[in-house]
Each structure stands twice: as structure tokens, then as C-alpha cells.
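Quick note, the sequences are listed as chains Z and Y, same order. Our numbering puts the first residue of the first sequence at 1, with every later residue one more than the last. Our numbering puts the first residue of the second sequence at 1, with every later residue one more than the last.
Because the hints were derived from the structure by calculation, they are not lab data. Check the hints yourself; a few may be wrong.
[Unchecked claim] Covered stretches of chain Y, going by a simulated chain Z footprint (3 or more residues, C-beta under 8 Å):
1) 50–58
2) 87–97
3) 222–230
4) 234–241
We treat Cβ as the ideally placed atom computed from N, Cα and C, and that holds for glycine.
Given next are the chains, with one letter for each unit.
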Amino acid sequence: MRLKEIIRAPKDNIKIGQWHSGKVPKADFPIARAAYRLGNSFKWCVVEFQALGADCRVLVVQHEAKQKYEAVLGVMGQNGTLKILCSYEYHASEPGWHCHATHDDSGTLSHGFMRGPWIKRVPGARKPHRDKKFHKFKIGNETAAIRFAVDRYKIEPKGSLL
Amino acid sequence: MKEELCRAFCNEISVKEVPIGLAVSTSFRRSDGDAIAFYVVRNATLSGIAHLEDDGQTIPYLEACGVDFQTQTRRKAFDALLNEYGVEYDENENIIKTSNMKENDLPRAALHFVALLLRLFDFLLLTQEHVESTFKEDAAKSIKQAVGSRAVITENMPVSSKLTELTPDMVLSAPNRVPVAIFLSQSTTRVHEAIILQMAALYEAKEQLSVVALLETEGTLPQHMHRLARNRLAAVTSWEGDKDAAIKRIEREVLGAEATIH
Numbered sequence: 001m002r003l004k005e006i007i008r009a010p011k012d013n014i015k016i017g018q019w020h021s022g023k024v025p026k027a028d029f030p031i032a033r034a035a036y037r038l039g040n041s042f043k044w045c046v047v048e049f050q051a052l053g054a055d056c057r058v059l060v061v062q063h064e065a066k067q068k069y070e071a072v073l074g075v076m077g078q079n080g081t082l083k084i085l086c087s088y089e090y091h092a093s094e095p096g097w098h099c100h101a102t103h104d105d106s107g108t109l110s111h112g113f114m115r116g117p118w119i120k121r122v123p124g125a126r127k128p129h130r131d132k133k134f135h136k137f138k139i140g141n142e143t144a145a146i147r148f149a150v151d152r153y154k155i156e157p158k159g160s161l162l
Numbered sequence: 001m002k003e004e005l006c007r008a009f010c011n012e013i014s015v016k017e018v019p020i021g022l023a024v025s026t027s028f029r030r031s032d033g034d035a036i037a038f039y040v041v042r043n044a045t046l047s048g049i050a051h052l053e054d055d056g057q058t059i060p061y062l063e064a065c066g067v068d069f070q071t072q073t074r075r076k077a078f079d080a081l082l083n084e085y086g087v088e089y090d091e092n093e094n095i096i097k098t099s100n101m102k103e104n105d106l107p108r109a110a111l112h113f114v115a116l117l118l119r120l121f122d123f124l125l126l127t128q129e130h131v132e133s134t135f136k137e138d139a140a141k142s143i144k145q146a147v148g149s150r151a152v153i154t155e156n157m158p159v160s161s162k163l164t165e166l167t168p169d170m171v172l173s174a175p176n177r178v179p180v181a182i183f184l185s186q187s188t189t190r191v192h193e194a195i196i197l198q199m200a201a202l203y204e205a206k207e208q209l210s211v212v213a214l215l216e217t218e219g220t221l222p223q224h225m226h227r228l229a230r231n232r233l234a235a236v237t238s239w240e241g242d243k244d245a246a247i248k249r250i251e252r253e254v255l256g257a258e259a260t261i262h
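With the rest of the complex left out, here is chain Z:
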């Protein structure tokens, strides 16, 4: 299953989790051997959905004081760990919005790694970043942060006019 297939597919069983701060438990977003140990200044929530019969999760992370945002999409593998396909990001230290993604089939990827050599940065680091293409929102706004992830990954039930 490839990233574009998941984005284009109709989504079911969409669940938007609560916002938390600090460590992301493995049960919520199983990527590494242990929990994703974010510090207490980071806020995060998980959006779960099903697409093409696969369980998918998006981890939305933001840090208002440092102006950082990430929406990381993973598809659940056979052994209960996620295979990461894409991360939409904004950091104040980068020229603008960008993503780290792979077009490879999730079946060929390693389990439990946030980013490997198969992940490419789009646009390239020294290429122009088209910020106007994306929503402008204040990093720190929880509703807008989820909205952005929902829009990017088209996490809407079939026929939804949202």
C-alpha cells in the first residue's frame, strides 16, 4: 500500500484522540522499540482511521514556543508496529512547509522506524518552498493543527462535505 493510495482512499472509523503533552506511549503510536519520548513542552494527539482495510494513524505534534509542527502518517504492519510513510512538517528553522515521504509500498518498508534512507524530503532542502499552497494557522491552535492533518491526508468519510 502506497502513500497516494491511502490519501486517495475513502476513510472509515475515524477517531480523533485527546491532546496530551510529553511522551507518546507506544500503544498510541507504535514506531520505536519504546515510547516516542517527547518532552513535556510538546503537545500531541493521534488520529486513527481505516483506509483500504488497513489501520492507519496520524500523530499530530506541535510545540508553540519553538514553532514546530508535524503530522506523521503510519500504516499498521503485521506485527503491530507502524510503517511511516509521510510527515508534513513546519519548523521555524526551515524555509517553510515540507514533507518527508516515501512512495514505496508499505509492505517493503521496515517496521518501527520514524525515518530511514527510503524517505525523501519534498521539496528538496534548497528548492523553493511554496508556503501559500498550505493553510496558514497559528502553531499552538489545537483545532487548526488537527484540521491541517485531516486536510493533508484527506481523512474524511466517503461523501463528507467537510
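Starting from the structure of chain Z, add chain Y where the hints point.
Just chain Y now, with coordinates in the frame of chain Z:
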């Protein structure tokens, strides 16, 4: 020359105001393409005093990419780096930071801090996943190209419902041929698994199966393991230094010698 060097180092530095202070991006890049960056955090009570810190994701990111800081060797290396650069690691916030200093001292400290961050990201080079991925990716691609549509190929799937305990990297099933399970091996553990799968197929499931270990290098296995593997597996081939022959050997195992004569 000096001016040109200064320009090369400085032209790509960008500084942005953020609520916590300043976000500084450098010309150095991580392996994922993002810039090595840090924050200047002004002291809330003391004017003219600030410290440098990372974004708080350096360590969580490295861990999420497979770097295990719980191993004694890596933890020692990490602590040695922190000592060498005179910085602290805040375990609760997962922040790497300098002590407070006068703002005049920040530029010099920033150079050292960036050097530390670069060295920390080098931990990624030691992860199994980064070393492993190129070999596995390249080998799987070559096998697929060699076999083409002449066999059904599955990846990371059990061989059959009776042989679910161990999963090979690839299974190639050609018409009227015994299926071939391939283990792309970088460790003795993986070769042990290949041997167990071959024995399980022969003596427990009683299914016809040829198990092949494709070693990344000859040095992947100690000599006694070479002997064990060669005496039990359908084939043991080596990738480094003889890739074409290794792939041809697998092709013969999957399709038979006659089908591979072009």
C-alpha cells in the same frame, strides 16, 4: 579566500523570532535534508543572558530511527560527547542545552553546539536499519529484475500456513518448481532462522521448500556457521564483490538451470 570561506559558512544561516527566543538554522544538513538548527533562549529574569538548546527532538528522533541509547556503549559515547562540549541533557524535557552565558559569548558557543549536534546525528550511521537498508533494497530489486514475471514474488510474508514462525525476506514461486525462500542476511541470527525454516519445512511441515541465504559479505558469518549453513540450506550466496553471480545463483534455484540459459 577568507571572505569566500566566511560567505560559505554564513550565507545560509537564517534567524527567526519565535516565542521562546530565536530559531537559528545553519548551512549544515541532517541526512533527512533538514537543516541543523538550534534555539537561542533568552533568560526571563536576567537581561543580556541566554543559553542555546536544541529543538527537543534530537534524542527522541534518533531513538525513533533506531538508535538505542540504553546500550552501554552508546550511552557512554553520548555522555562523552556531552562532556566534551560542556552541555547538559535535560532528561525530562529531552533537551540538550548549554549553561547560561552572556549574549556576547553566544556566537562562539553556537559553533561548538552545532558541531555537537552534527556528531549526535552521526549516531544514525550506526543503526542496523541504515546499514541494512541499502543492501536489502538493492538485493531485493536485483532479484526481482532477474526473475521478472517468471515467478510469483511475495515479500516479508510467511511461506505457508504451516510455516508461520519465521518470515523470509522473499518467497519466489515459479510454475512447476519448488518455492524458494530467501533470507537477506547480515547476521548469524538471520542465517540461523533460515536453517530453522529449512529444517521445519523438511521435517515438521513436510513441505517442499528451498531456503537460500544471501549474505551481505563473506564476513557476515563465522566459519563454523558457513559450514552449518552450506550443509543445510539449498544455497548460501554472497552479495559483496560478486553480486551478478549471487543473483544468477538465486535465479537458477528459482527457475531451474535450463530456464536461465538465455
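Against the structure, the hints come out as follows:
Counting residues of the stretch 50–58 of chain Y whose beta carbon lies closer than 8 Å to any beta carbon of chain Z gives 3, which reaches the threshold of three, so the coverage claim holds. Counting residues of the stretch 87–97 of chain Y whose beta-carbon sits less than 8 Å from any beta-carbon of chain Z gives 5, enough to reach three: the coverage restraint holds. Note: the stretch 222–230 of chain Y has 0 residues with beta-carbon separation from chain Z under 8 Å; the three-residue rule is not met and the coverage is violated. Coverage of the stretch 234–241 of chain Y by chain Z is violated in this model, with 0 residues showing a Cβ closer than 8 Å to a Cβ of that chain against a need of three.
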